[in-house]
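Colleague: Sequence:
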Amino acid sequence: MNALVLNLPLGFSALASLIFFIFPTTRNGIGYGDASKKKTGKLTADDKKEDFAMDAASDEKKKKSSGPSSSGGQNPNAQE
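Okay, so the sequence shown: first residue is 1 according to my numbering, each after it adds one.
Hints in this document: simulated from the structure, not taken from any laboratory.
Keep in mind that the hints are not guaranteed to be accurate.
[What the hints assert, rightly or not] Computed spacing ranges between beta-carbons, pair by pair:
1. Phe12 <-> Asp59: 55 to 61 Å
2. Asn28 <-> Ala53: 34 to 40 Å
3. Arg27 <-> Asp55: 34 to 40 Å
4. Gly29 <-> Asn7: 30 to 36 Å
5. Met1 <-> Phe23: 31 to 37 Å
6. Met54 <-> Gly31: 20 to 26 Å
7. Thr26 <-> Ser58: 48 to 54 Å
8. Glu60 <-> Ser17: 51 to 57 Å
9. Met1 <-> Phe21: 41 to 47 Å
10. Ala56 <-> Thr25: 53 to 59 Å
11. Asp55 <-> Phe20: 31 to 37 Å
12. Thr25 <-> Ser58: 36 to 42 Å
Don't be surprised by glycine CBs; every beta carbon is placed ideally from N, CA and C.
Please put together the full structure from these sequences, using the hints given.
Modeller: As structure tokens, this is what we get:
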């Protein structure tokens, strides 16, 4: 009886591991995101439009931030 009590937790853990191995869970953890919006790894047309819009906005921001410099608005690397 004493051996059974000592080995019971090991037996239960092995049984639970076997059950989860056969029937894996499909649940996600906290903060994983919306399960209904799973990505298939392929870009949709909407994803491509969104990526293009983000790239265009980033380019505009770079252009605005690289305005006239402190060297009188001239490019110091420009060749004459």
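Colleague: All the hints need checking, so say for each whether the structure fits it.
Modeller: Okay, the hints, checked on the actual structure:
1. Phe12 <-> Asp59: 55 to 61 Å: holds (59 Å)
2. Asn28 <-> Ala53: 34 to 40 Å: Because 28 Å falls outside the window, the suggested range is violated.
3. Arg27 <-> Asp55: 34 to 40 Å: holds (35 Å)
4. Gly29 <-> Asn7: 30 to 36 Å: holds (32 Å)
5. Met1 <-> Phe23: 31 to 37 Å: Cβ of Met1 to Cβ of Phe23: about 32 Å, so the range 31 to 37 Å holds.
6. Met54 <-> Gly31: 20 to 26 Å: holds (23 Å)
7. Thr26 <-> Ser58: 48 to 54 Å: Violated - the Cβ-Cβ distance for Thr26 and Ser58, about 36 Å, lies outside 48 to 54 Å.
8. Glu60 <-> Ser17: 51 to 57 Å: holds (55 Å)
9. Met1 <-> Phe21: 41 to 47 Å: Hint violated: Cβ distance 30 Å, outside 41 to 47 Å.
10. Ala56 <-> Thr25: 53 to 59 Å: violated (41 Å)
11. Asp55 <-> Phe20: 31 to 37 Å: violated (43 Å)
12. Thr25 <-> Ser58: 36 to 42 Å: Given about 39 Å between the Cβ atoms, the range holds.
The structure fails to meet hints 2, 7, 9, 10, 11 from the earlier list, while all remaining hints are met.
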